[in-house]
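Asker: Could you put together the complete structure from these sequences and hints?
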Amino acid sequence: MKVSLPDGVNREIAVDESRIDDILMRLGINPEEVLVAKNGRIVSEYETAGDEDELRIVRIVHGG
0 MKVSLPDGVN REIAVDESRI DDILMRLGIN PEEVLVAKNG RIVSEYETAG
50 DEDELRIVRI VHGG
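Residue numbers (numbering that gives the first Met the number 0): 0 to 63.
I should point out that these hints are in silico values taken from the structure, not numbers from a laboratory. Ideal placement from N, C-alpha and C gives every residue a C-beta, glycine not left out. Not one of these hints is a red herring.
The calculated SDA-like cross-link candidates involving lysine to any residue, where the alpha carbons are at most 25 Å apart (straight line), are: (1) K37 / R18; (2) K1 / E31; (3) K1 / R40; (4) K37 / L4.
Have a look at the derived ranges for each label pair, beta carbon to beta carbon: (5) S43 / L4: 15 to 21 Å; (6) G7 / E51: 21 to 27 Å; (7) S43 / S3: 16 to 22 Å; (8) E16 / G39: 16 to 22 Å; (9) V60 / A13: 27 to 33 Å; (10) E16 / G62: 35 to 41 Å.
Answerer: In structure tokens:
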């Protein structure tokens with residue numbers, strides 16, 4: 000699976016079909032702090048992804 004991390008680094012990781020939140024936790028990323036696009040479409044952390052998918056992880060910026 001190709002993964003584009005919030006810091007701009009691209010990684011290739013091997014995963015079986017897994018939920019997005021499990022993949023994020025494996026990468027040390029809090030699912031509540033990011034949005035994830037799977038193959039170009041924003042998805043929830045409960046959706047699954049596998050080796051053939053491409054994820055782009057974008058950090059959510061908030062403030063007041």
